[in-house]
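S.K.: In case you want the letters, here they are:
Number of protein chains: 2
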Amino acid sequence: MADAALLHASKRLTLPDPLPLDSGQSLAPVEIAYETYGELNADKSNAILVCHALTGDQFLASNHPITGKPGWWVRMVGPGKPIDTSRFHVICANVIGSCMGSTGPASLAVDGAPHAMRFPVITIRDMVRGLVAMLDALGIGSLHAVVGGSMGGMQALSFASHWPTRTRAALVIASAARQSAQNIAFHEVGRQAIMADPAWENGDYYASGKGPEKGLAVARMAAHITYLSEQAMHEKFGRRLQDRPDGTRGAKTFGFDADFQVESYLRHQGLAFTDRFDANSYLYITRAMDYFDLAEEHGGKLAAAFAGTRTRFCLVSFDTDWLYPTAESRSVVHALNAAGAAVSFVELSAPFGHDSFLLDVPALDRVVTGFLGADR
Amino acid sequence: MADAALLHASKRLTLPDPLPLDSGQSLAPVEIAYETYGELNADKSNAILVCHALTGDQFLASNHPITGKPGWWVRMVGPGKPIDTSRFHVICANVIGSCMGSTGPASLAVDGAPHAMRFPVITIRDMVRGLVAMLDALGIGSLHAVVGGSMGGMQALSFASHWPTRTRAALVIASAARQSAQNIAFHEVGRQAIMADPAWENGDYYASGKGPEKGLAVARMAAHITYLSEQAMHEKFGRRLQDRPDGTRGAKTFGFDADFQVESYLRHQGLAFTDRFDANSYLYITRAMDYFDLAEEHGGKLAAAFAGTRTRFCLVSFDTDWLYPTAESRSVVHALNAAGAAVSFVELSAPFGHDSFLLDVPALDRVVTGFLGADR
Numbered sequence: 001m002a003d004a005a006l007l008h009a010s011k012r013l014t015l016p017d018p019l020p021l022d023s024g025q026s027l028a029p030v031e032i033a034y035e036t037y038g039e040l041n042a043d044k045s046n047a048i049l050v051c052h053a054l055t056g057d058q059f060l061a062s063n064h065p066i067t068g069k070p071g072w073w074v075r076m077v078g079p080g081k082p083i084d085t086s087r088f089h090v091i092c093a094n095v096i097g098s099c100m101g102s103t104g105p106a107s108l109a110v111d112g113a114p115h116a117m118r119f120p121v122i123t124i125r126d127m128v129r130g131l132v133a134m135l136d137a138l139g140i141g142s143l144h145a146v147v148g149g150s151m152g153g154m155q156a157l158s159f160a161s162h163w164p165t166r167t168r169a170a171l172v173i174a175s176a177a178r179q180s181a182q183n184i185a186f187h188e189v190g191r192q193a194i195m196a197d198p199a200w201e202n203g204d205y206y207a208s209g210k211g212p213e214k215g216l217a218v219a220r221m222a223a224h225i226t227y228l229s230e231q232a233m234h235e236k237f238g239r240r241l242q243d244r245p246d247g248t249r250g251a252k253t254f255g256f257d258a259d260f261q262v263e264s265y266l267r268h269q270g271l272a273f274t275d276r277f278d279a280n281s282y283l284y285i286t287r288a289m290d291y292f293d294l295a296e297e298h299g300g301k302l303a304a305a306f307a308g309t310r311t312r313f314c315l316v317s318f319d320t321d322w323l324y325p326t327a328e329s330r331s332v333v334h335a336l337n338a339a340g341a342a343v344s345f346v347e348l349s350a351p352f353g354h355d356s357f358l359l360d361v362p363a364l365d366r367v368v369t370g371f372l373g374a375d376r
Numbered sequence: 001m002a003d004a005a006l007l008h009a010s011k012r013l014t015l016p017d018p019l020p021l022d023s024g025q026s027l028a029p030v031e032i033a034y035e036t037y038g039e040l041n042a043d044k045s046n047a048i049l050v051c052h053a054l055t056g057d058q059f060l061a062s063n064h065p066i067t068g069k070p071g072w073w074v075r076m077v078g079p080g081k082p083i084d085t086s087r088f089h090v091i092c093a094n095v096i097g098s099c100m101g102s103t104g105p106a107s108l109a110v111d112g113a114p115h116a117m118r119f120p121v122i123t124i125r126d127m128v129r130g131l132v133a134m135l136d137a138l139g140i141g142s143l144h145a146v147v148g149g150s151m152g153g154m155q156a157l158s159f160a161s162h163w164p165t166r167t168r169a170a171l172v173i174a175s176a177a178r179q180s181a182q183n184i185a186f187h188e189v190g191r192q193a194i195m196a197d198p199a200w201e202n203g204d205y206y207a208s209g210k211g212p213e214k215g216l217a218v219a220r221m222a223a224h225i226t227y228l229s230e231q232a233m234h235e236k237f238g239r240r241l242q243d244r245p246d247g248t249r250g251a252k253t254f255g256f257d258a259d260f261q262v263e264s265y266l267r268h269q270g271l272a273f274t275d276r277f278d279a280n281s282y283l284y285i286t287r288a289m290d291y292f293d294l295a296e297e298h299g300g301k302l303a304a305a306f307a308g309t310r311t312r313f314c315l316v317s318f319d320t321d322w323l324y325p326t327a328e329s330r331s332v333v334h335a336l337n338a339a340g341a342a343v344s345f346v347e348l349s350a351p352f353g354h355d356s357f358l359l360d361v362p363a364l365d366r367v368v369t370g371f372l373g374a375d376r
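Residue numbers (this note's numbering), protein chains in the order written: chain E, 1 to 376; chain X, 1 to 376.
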């Protein structure tokens with residue numbers, strides 16, 4: 001964790017009031033780190049809030065301060081792009097519980113020590129409460145749209161459900177109204193991998209300068225498999241062997257080095273992740289996702305989550321996404337229909353699996369452009 | 001590992017010759033631990049070799065000596081059952097590299113210390129070489145059939161391909177002729193979880209009396225998800241919460257205990273596995289599976305693996321198996337067709353995912369009964 005690099009990387013605000021949480025606890029002080037792109041118009045009516053995914057951050061369309069890489073949705077957000085910053089004021093904030101400047105387990109508690117595992121368990125709705133409080137502080141009453149993919153889509157659904165007057169539209173991509181048993185299971189594997197690492201130290205690793213990097217890397221490797229389709233993995237790697245550092249062509253070594261390119265790729269993904277992400281944040285955010293069940297928050301009826309809504313919805317799924325498959329989006333659409341809401345829905349064909357929402361899918365660009373421009 | 005319990009649990013034989021390996025090394029001495037069920041007839045023509053899966057063993061239809069649980073295929077193997085021991089002499093041997101009595105990493109090398117990571121990397125064909133040498137030692141020339149599910153199916157394919165005169169039939173269930181990129185990826189996550197555990201000690205943990213149990217448990221948890229279908233997980237657990245040890249009904253604890261039943265189940269599966277399985281064996285056997293590519297062993301042409309074969313084949317897949325999906329079986333069938341082999345193929349509908357081959361699927365019983373009895 002390179003906290004120094006983050007200190008001046010983002011806009012920040014401190015929420016004026018303690019943030020009430022679903023657990024019954026409250027969190028204070030709460031800082032929110034955010035980025036904005038494009039100008040806010042005079043009547044503050046052109047704001048779009050983009051919500052990020054599990055390991056995402058506010059660096060939507062600007063370089064990441066640790067990795068130096070371009071923003072994670074730079075292909076979607078910018079002047080003349082589907083989320084057009086020459087027209088819209090785009091806001092993206094780091095969620096609470098995360099580690100890119102907003103208050104999370106690595107942040108200092110009032111006693112001057114990191115929260116670590118004293119950080120309260122939060123929910124998707126708690127994250128959205130933080131975002132709404134940020135919008136309050138920025139003086140933005142109603143959004144043009146709330147937009148998100150994956151966990152960002154959960155936030156968009158939660159936002160539109162619990163704060164229906166605060167957004168005129170919600171765009172939910174590759175997401176679900178509840179976390180499935182299989183997805184809880186994958187998250188639990190990741191958490192157990194982190195907690196099995198002795199360097200986790202029950203979460204109190206911040207002073208050591210070294211966290212549970214091996215456990216976090218394993219968690220990321222397992223998760224990464226779920227972000228790709230089987231077909232994408234086959235086409236990208238197949239059973240191809242890795243060339244050696246000494247330049248020799250790939251061959252089976254009859255050992256435990258990364259013989260296959262897919263092994264090498266996964267190991268790299270795991271290691272690179274530990275440079276930019278806090279293991280405790282991974283625990284808290286996966287837990288928040290696992291707890292997410294929008295129907296449960298409304299007496300078990302998903303349609304009740306959207307009763308009387310005047311927000312326009314657009315749901316998008318991808319045919320190769322097995323983490324948040326089309327059936328999950330469809331059940332949200334059915335609930336919106338039952339609630340009499342305005343909703344459009346499309347399953348797009350794209351080869352990349354769950355990661356399709358981040359990658360080059362021109363059909364998604366067209367859907368986003370059309371939906372966000374529809375009330376012009 | 002309860003080696004004492006194993007010592008007298010199985011029949012054992014020591015191979016008379018060193019076993020040549022695909023790596024170019026050879027292994028000696030090699031012990032094979034095996035179980036038999038049903039009588040061998042006078043002309044030794046009624047033997048069926050059952051090959052076990054990754055974490056399986058020879059205790060096909062008798063209680064496991066460590067867990068005390070019934071054999072893993074007791075529903076399939078016995079008098080009057082689909083693999084009818086009143087008619088057939090059924091043999092099941094622990095594969096080399098495993099840990100239930102056959103020579104593996106935990107076995108003592110000639111210097112009196114465990115092989116540990118000095119154990120050579122083996123292949124599926126090496127495992128089958130060990131099985132064929134066992135059949136030689138038992139004086140069994142040609143099998144009525146070789147049968148296996150999952151990794152057992154890989155062995156059955158390898159056996160029928162490389163020793164075509166040694167079996168008259170091959171029954172391959174929920175398997176493939178090569179390990180896919182996605183499956184290599186899941187195995188690599190498991191291996192990294194084991195190797196990330198400091199208790200792994202580069203494989204030299206046998207003297208400590210305690211191995212990388214946490215890492216092995218994480219590996220097992222990740223693998224276990226792949227054995228079930230999403231639908232099976234949903235129906236078995238859904239988002240149901242776990243009742244507490246104190247008897248209180250399930251509720252979200254806003255903590256990191258196993259709130260969800262699926263978490264509790266996975267944790268149990270992980271922990272229970274470490275009581276009966278050796279972590280180094282897990283490394284070696286997953287590696288053998290990842291290396292498996294029967295086409296590659298035949299100049300890249302899978303049909304060449306079966307050229308001129310007179311063995312009858314039966315391939316079975318399950319519609320909910322996403323680890324070894326139907327497409328993998330179908331490509332084997334196409335190759336067998338191209339080779340002019342006698343082959344039947346069926347995709348069965350069963351809700352359990354990959355584990356269907358182990359569970360109550362009456363249609364599978366009928367297929368097995370029919371195929372094994374066809375030359376009566």
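Just so you know, the hints here were simulated from the structure itself, not pulled from any lab data. Careful, some of the hints might be misleading.
The list makes no distinction among identical chains, and a pair is therefore deemed to hold if it is satisfied within one copy or across any two copies.
[Claimed, not checked] Straight-line alpha carbon distances no greater than 20 Å define the calculated EDC-like cross-link-like pairs of lysine to aspartate or glutamate that follow:
| hint | residue 1 | residue 2 |
| --- | --- | --- |
| 1 | Lys-236 | Asp-293 |
| 2 | Lys-44 | Asp-136 |
| 3 | Lys-44 | Asp-257 |
| 4 | Lys-252 | Glu-296 |
| 5 | Lys-11 | Asp-204 |
| 6 | Lys-44 | Glu-213 |
| 7 | Lys-252 | Glu-297 |
| 8 | Lys-252 | Glu-39 |
| 9 | Lys-44 | Asp-84 |
| 10 | Lys-252 | Asp-293 |
| 11 | Lys-11 | Asp-246 |
| 12 | Lys-236 | Glu-39 |
| 13 | Lys-44 | Asp-22 |
| 14 | Lys-301 | Asp-17 |
S.K.: Could you run down the list of hints and mark each one as holding or not?
M.R.: Going through the hints against the structure:
1. Lys-236 to Asp-293: Classified as between: cross-chain Cα gap 18 Å, same-chain 34 Å, threshold 20 Å.
2. Lys-44 to Asp-136: within (12 Å within a copy, 83 Å between copies)
3. Lys-44 to Asp-257: neither (56 Å within a copy, 44 Å between copies)
4. Lys-252 to Glu-296: Only across copies: Lys-252 and Glu-296 sit 12 Å apart there, 51 Å inside one copy, limit 20 Å.
5. Lys-11 to Asp-204: neither (28 Å within a copy, 51 Å between copies)
6. Lys-44 to Glu-213: neither (43 Å within a copy, 57 Å between copies)
7. Lys-252 to Glu-297: The answer is between: 13 Å across copies meets 20 Å, while 53 Å in one copy does not.
8. Lys-252 to Glu-39: neither (56 Å within a copy, 42 Å between copies)
9. Lys-44 to Asp-84: Within one copy only: 16 Å inside, 77 Å across.
10. Lys-252 to Asp-293: For Lys-252 and Asp-293, the Cα distance is within 20 Å only across copies (12 Å; inside one copy 46 Å).
11. Lys-11 to Asp-246: This pair counts as neither: shortest intra-copy Cα distance 45 Å, inter-copy 47 Å.
12. Lys-236 to Glu-39: Classified as neither: same-chain Cα gap 40 Å, cross-chain 51 Å, threshold 20 Å.
13. Lys-44 to Asp-22: neither (30 Å within a copy, 70 Å between copies)
14. Lys-301 to Asp-17: neither (32 Å within a copy, 68 Å between copies)
In terms of the numbered hints stated before, the structure departs from hints 3, 5, 6, 8, 11, 12, 13 and 14, listed from lowest to highest.
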